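Enquirer: My request is simple: use the sequences and hints to build the entire structure.
Start counting the sequence shown at 1; every next residue gets the next number (my numbering).
In case anyone wonders, no lab produced these hints; they're calculated from the structure. Keep in mind the model is a prediction, meaning the values are calculated, not measured. All C-beta atoms, glycine included, are put in the ideal place defined by N, C-alpha and C. You can trust all of the hints, since none of them are fake.
Pair ranges (Cβ atoms, derived):
#, residue 1, residue 2, range
1, L12, S98, 40 to 50 Å
2, K126, D73, 18 to 28 Å
3, L42, A114, 22 to 32 Å
4, L76, D105, 29 to 39 Å
5, Y54, S108, 27 to 37 Å
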Amino acid sequence: MNLFNKLIDLELDAMLFGFRWDNARQILAQVESECVEVNQLLDQDHGENDLLQYEIGDLLHAVLSLCVYCGYDPELTLEKSLNKFEQRFLVVKQLAKSQNLNNLDHLSFEQLMALWKEAKELADKKS
Numbered sequence: 001m002n003l004f005n006k007l008i009d010l011e012l013d014a015m016l017f018g019f020r021w022d023n024a025r026q027i028l029a030q031v032e033s034e035c036v037e038v039n040q041l042l043d044q045d046h047g048e049n050d051l052l053q054y055e056i057g058d059l060l061h062a063v064l065s066l067c068v069y070c071g072y073d074p075e076l077t078l079e080k081s082l083n084k085f086e087q088r089f090l091v092v093k094q095l096a097k098s099q100n101l102n103n104l105d106h107l108s109f110e111q112l113m114a115l116w117k118e119a120k121e122l123a124d125k126k127s
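Expert: Printed below as a string of structure tokens:
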């Protein structure tokens with residue numbers, strides 16, 4: 001069984017047992033809580049400690065639970081997001097090429113975000 005199907009089955013089992021969310025905002029609050037936990041762990045040395053991985057897993061689970069609660073197929077939702085990213089990233093590469101950039105290693109984060117914003121606007125106009 002793939003993980004998306006397992007997630008859906010577990011969410012439905014929990015819901016049928018009465019362990020359920022009242023509304024999507026409660027799940028979003030859980031997502032935010034998991035973000036806080038991940039953020040707190042990012043500055044720590046993890047070494048052999050899997051705590052960060054577990055917390056990232058909890059964050060993923062919460063986000064996917066929101067997806068299921070809202071009636072969306074998690075796999076299809078992620079596929080759509082990846083397709084959108086791929087289209088936008090192709091535009092980033094085209095923009096970089098038009099600026100004679102072989103890669104983006106030397107750009108600051110702010111420059112990367114400006115390039116991403118431009119690519120996003122151009123890609124969204126095409127679709």
